Amino acid sequence: MKLSEVIKILNADVLYGEDHLNDEIEIGCASDLLSDVLAFAKTGNLLLTGLVNPQVIRTAEMVDIVAVCFVRGKMPPEATLKMAKEKDIPILYTQYTMYKSCGLLYEKGLPA
Amino acid sequence: MEKDKKVTKIQEFIYELKVNQVMAKNIVVVDKDMSLKDIRTLLRDQRISGLPVIDDGKLIGLVSLEDFIQCLASGKKNCTVPEMMTKKVVTVFSDSPLVEALKKFDRFGYGRFPVINRETNEVVGMITKGDIVRGLLKKLEIDYLEEEIHTYRASHIFEDMTAQDFMLRFHYSIKGKDFKHAGECASDIKKTLKRLGVQPQIVRRVAIATYEAEMNIIIYADKGEIIAEVERDRLIITAKDEGPGIEDIEKAMQPGFSTASHWVREFGFGAGMGLPNIKNCSDGMNVKSVVGEGTVVEFCFKFNSKHIEGKDKDECI
Chain A
-19 MKLSEVIKIL
-9 NADVLYGEDH
1 LNDEIEIGCA
11 SDLLSDVLAF
21 AKTGNLLLTG
31 LVNPQVIRTA
41 EMVDIVAVCF
51 VRGKMPPEAT
61 LKMAKEKDIP
71 ILYTQYTMYK
81 SCGLLYEKGL
91 PA
Chain B
8 MEKDKKVTKI
18 QEFIYELKVN
28 QVMAKNIVVV
38 DKDMSLKDIR
48 TLLRDQRISG
58 LPVIDDGKLI
68 GLVSLEDFIQ
78 CLASGKKNCT
88 VPEMMTKKVV
98 TVFSDSPLVE
108 ALKKFDRFGY
118 GRFPVINRET
128 NEVVGMITKG
138 DIVRGLLKKL
148 EIDYLEEEIH
158 TYRASHIFED
168 MTAQDFMLRF
178 HYSIKGKDFK
188 HAGECASDIK
198 KTLKRLGVQP
208 QIVRRVAIAT
218 YEAEMNIIIY
228 ADKGEIIAEV
238 ERDRLIITAK
248 DEGPGIEDIE
258 KAMQPGFSTA
268 SHWVREFGFG
278 AGMGLPNIKN
288 CSDGMNVKSV
298 VGEGTVVEFC
308 FKFNSKHIEG
318 KDKDECI
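Note that the protein sequences, when read in sequence, are chains A and B. Each step along the first sequence adds one to the number in this note's numbering, with nothing skipped, and position 105 is 85. So this note's numbering is basically just the index in the second sequence, starting at one, shifted up by 7.
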């Protein structure tokens, strides 16, 4: 699934990464525990999370996550966006809850 | 807005390359006293659409096939070169960057410009859009080749070393409770290993394990250090801290066991997956700890064998 499709499904705003809309997302992953992301994430992941601190981006960098989407309408602080730009990791932002976001993506064929 | 800031390689080159690096140097010029017959032959034989007209080395105009035809159509028997040539000629200087020439192509819509030496005012060449494209492609090719050589050199550093044993050592000091810089060490090690040509899958495991070790120091200790030692066929990471120490290592190794405080958990850490995750990612791990003094976590990676998750493998430490 292309990142642009994810954006449409989640009715999401792109906070960073307009250049990456054609990037391929292979699987989805949702967690508010970064330790779990580190332990279980695979490459080609879209990370859905309610955490908005810069460590989310750092974690994404470590496990080669393709894009991060902040759920529940949580706007990340400037420091988080700055790091995302530095690491060139696309950031989405949706009003949907974690459960709804996961459900919609899974329904449209994005595997876990 | 970010898009505009990005400068492409081509953009970089059109500022870097000069007109005289891509222009045609062996050019055909016309003397103002040349006969029409000779000019016709020149235009036809050389298949050139426009020729600079020279008077005593200086450019005085440009004569094209079209000028020639117009002159014939007007019925005049004997048009001279100065009569039929275009006198207002747009030129570019030989030491200008390509971007200047490109701007002129855009603005005037001509196919070619005479190139003038800024000091002597003499015509030194002609430039077309084709010359610019060829020049850029050539430069790109050279650049790409250099990049390939650099990558090759960095990734073959081990093969190029003839010593039987060697070690690259990277040292990082870690400050406790410093969430702002948390992860920088792991990020840097990741970059370095990539550059050294280590397999992406191994780099990823090293990055995750190192990040966990780094977070442990930041969460629990006041200060610590991380040392990465790269050898020919293995990498050893040592994470030392002057923290509270671990009371029961066996318990700490259990997934989910955590003593992290509330503020740490708010950051998304402290889920009790740190040490187990290091163990999973690495090819061998060793934890030593003294309560009240500190903890040393060592873990290693083999470059040449298959990694089997969760299996006992204390071979490379």
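Hints are computed from structural coordinates only; laboratory data are not their basis. Model, not experiment: these values are computed from the prediction. All residues carry an ideal CB built from backbone N, CA and C; glycine is no exception. Treat the hints with care, as some may be off.
Label pairs and their in silico Cβ distance ranges [claimed, not checked]:
1) N2/A x H178/B: 39 to 47 angstroms
2) K258/B x E87/A: 35 to 43 angstroms
3) R239/B x D(-1)/A: 36 to 44 angstroms
4) D195/B x E87/A: 52 to 60 angstroms
Here are the simulated DSSO-like pairs of lysine-lysine, each with C-alpha atoms no more than 27 angstroms apart in a straight line [stated by the list, open to error]:
5) K187/B x K67/A
6) K54/A x K187/B
7) K184/B x K62/A
Against the structure, the hints:
1. In this structure the hint that N2/A and H178/B lie 39 to 47 angstroms apart at CB holds, the actual value being about 40 angstroms.
2. Distance hint for K258/B and E87/A: a CB-CB separation of about 41 angstroms, consistent with the stated range 35 to 43 angstroms.
3. One distance hint, 36 to 44 angstroms for the beta-carbon pair R239/B and D(-1)/A, holds here, with the actual separation near 39 angstroms.
4. Between D195/B and E87/A, the C-beta spacing of about 40 angstroms breaks the proposed range 52 to 60 angstroms.
5. Only pairs whose Cα atoms come within 27 angstroms are accepted, and K187/B paired with K67/A is accepted, the gap being roughly 15 angstroms.
6. Restraint check for K54/A and K187/B: satisfied, since their Cα atoms lie roughly 20 angstroms apart, inside the 27 angstroms limit.
7. Between K184/B and K62/A the CA atoms are separated by roughly 21 angstroms; this keeps the pair inside 27 angstroms, and the hint holds.
The structure is inconsistent with hint 4 alone, although it conforms to all the rest.
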